[in-house]
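Same order as they appear, the protein sequences are chains A and B.
Position in the first sequence (from 1) plus 175 gives the number in this note's numbering.
Position in the second sequence (from 1) plus 175 gives the number in this note's numbering.
A pair counts as met if it fits within one copy or between any two copies, since identical chains are not told apart.
Listed next, the in silico EDC-like pairs over lysine to aspartate or glutamate satisfying Cα-Cα at most 20 Å (straight line):
| id | residue 1 | residue 2 |
| --- | --- | --- |
| 1 | K561 | D512 |
| 2 | K318 | E298 |
| 3 | K318 | E266 |
| 4 | K285 | D466 |
These are calculated hints, taken from the structure and not from any lab test.
2 protein chains.
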Amino acid sequence: MPIVVQKYGGSSVASTERIMNVARRIVATYDAGNSVCAVISARGDTTDELLAMAHEITPRPPVRELDMLLSAGERISCALLAMAIYTLGREAVSFTGSQAGIVTDTTHTKAQIVGISPQRVEEALAGGKITLVAGFQGVSTSKDVTTLGRGGSDTTAVALAHALGAGVCEIYSDVDGVYTANPAIVAGARKLHTVSYDEMLEMAASGAQVLALRSVEYARRYNVVIHSRSSFSDAEGTWVKEEDASMEQAVVSGVTYTTDEAKVTVRGVPDQPGVAADVFSALADAHVNVDMIIQNVGEQGYSDISCTVPIDDLPSAREALDRVVAELGAKGYTADDTMAKMSLIGAGMRTHPGVAALMFRTLADRGINLEMISTSPIKISCVISKDRVEEAVRALHDAFGLESTAVNHERADRGVWHD
Amino acid sequence: MPIVVQKYGGSSVASTERIMNVARRIVATYDAGNSVCAVISARGDTTDELLAMAHEITPRPPVRELDMLLSAGERISCALLAMAIYTLGREAVSFTGSQAGIVTDTTHTKAQIVGISPQRVEEALAGGKITLVAGFQGVSTSKDVTTLGRGGSDTTAVALAHALGAGVCEIYSDVDGVYTANPAIVAGARKLHTVSYDEMLEMAASGAQVLALRSVEYARRYNVVIHSRSSFSDAEGTWVKEEDASMEQAVVSGVTYTTDEAKVTVRGVPDQPGVAADVFSALADAHVNVDMIIQNVGEQGYSDISCTVPIDDLPSAREALDRVVAELGAKGYTADDTMAKMSLIGAGMRTHPGVAALMFRTLADRGINLEMISTSPIKISCVISKDRVEEAVRALHDAFGLESTAVNHERADRGVWHD
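Chain A with its partners taken away, still in its complex shape (with noise of 0.2 Å):
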């Protein structure tokens, strides 16, 4: 029988009647003739409640023992849906991530998938039964609970979809796909029949938060067809998958912004070999996870270097930055936080030229000010001011037409390679 892999977010199973929901879906996917394994997050809030818990103990929560705290939530997700899916007459068995088989290293909190030995879950998958693994979560080779921190269920099923060669990773959220931009934003925003994994991970870095970054690189690594859809629906929802030569390219397949980027300047750095290596170990060693990076060419022996930062590093950024600013001698650096990143992404860029001038003077023309560009094969990012980034979206989505029924039709034709 073929193995479909299947994950559930933490809304799919949120209430006892989404967990029923749950269980149907799955009991239809077995039905219909399939292996079916699946991967559970933990329920709605739950991750949230145990951290408020543990941070009213202490703000800084030993991570060994946060993983044991928080790989809790979705055990009591996986066992409330095997009983659910009991109550439908077929049987399940719940698997922690470590019963499922995934080891990984020590780094508790972000630990990193470094083997999968899912016997337990081929054996039950062969014995008939449905399979429910714990997301987030594994053992370690040091034998304790680690948790593989944000977007760490998709990685799970990911994984798991790899190791049992499943012909797809179905993952279900609260969205039904990958849109040409949120929504919630774009009235027009279309979904895409399908992606390149090239373009879902420059969109997942740049802002869309429908699939982790972390589960589309591995699922590029070891080409696992991805499916993102909806638990709320049956509608077919966004295929991401390898390039494939004989696809049409959409110019620009999408128009994402995220707000949670701040952007920080040292100013009057002395233009020496060096420098930028200096600056930006600093921040390395702070952990803090830099985006864009600018240097501007300064006069009289001095430049300017901008980066982008997460808002939540801020602080640790301006630790170290403090400290690398006395010992460069440079004149001082600030932090923005009132700027949002703004990326227009499309695999089709690398053989259409015109899309950067195009997008500058679609925003120019509405007086909207670029503070920094950055540009890789597929995607181009501006910051911008905050408060202009949803009229931004809207004029760009419109610009390059993304919800046009041409550009619609002309997708479609891409589906070649599916059912």
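With chain A fixed as given, assemble chain B onto it according to the hints.
Leaving out everything else, chain B in the frame of chain A:
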């Protein structure tokens, strides 16, 4: 360093404040020069909440999944407590039942411990760490998560105390020891300094809720000294240990009662060999836990058989009795849940005649009718009307002088083995 095993119940860790309180107590024991292994129950109502979620889904959850669900509660409290200990500047490491090497049979929801391999706990203790173990749970011989059922955490603690060679197993709860009677009912109830395993077993079996019956059985089998005490005070509690020939034996150590049992009577049973076996086999097959049994001599070749069963088992008992009454051609059966069982317990009864006579006289003087009587060498139990049980307990406590200071001193003298 001497090893001390402590066990903290659910009410001791019900809030952040209480968790900090337990952490301080553990650290004080550690700082006094002991290796500490603490067994922790789920917080307050966690287990009930998890059960309620399961029952929202199905009235009869599959037991394997129920154990996966319920075992989450102790992991949460253990991890939070470890964090609390860190805030006090000491190192703690929490273990699941599985990690602590609690190996059980495969009887989910009421597994029996079949072996203990606490290597990880021992290594952590040897490394100078405070160790915390999730109570109530283990891992089965087929590698599934199991729970130990009622009194499971006490049993985990006693089993670990034995396996680790601890000098004492301190069982903390919201009561500060074992009393001559329930202090909520008898104003003059007195805390006992020591009770023997046999006395404690009879007390636990007949209504005293301070220690779980199973854990006392385990302690008696392996000669583990239990110290039952309060997590809210530093006062010495009650020591439970092997009867010491040199100890003065109190004639009566306590009066217990329970209102959780119903009296069942099968009427008009043909007076033939094997009939009682048929009745109690049927009840055993229905997993009904029968306590007192009385067979009255009947007239004309018929007799009545009465027994007490837990009120919770009454539905199963009725099903079994409906069948067996028909099969045996008995006249019928009655079930009465307005009864209470009251017991007088004391190791000295073995050598002091007249205890039963004084008990029956005391009750008769108050016009309290005895529905059933059963005895062991150190216990006399009577079933009486639930309405009169508190009055009866007070009367017996008084009649046997359980609150007199004379008895108090006599018992205090017994404490030669404790300092």
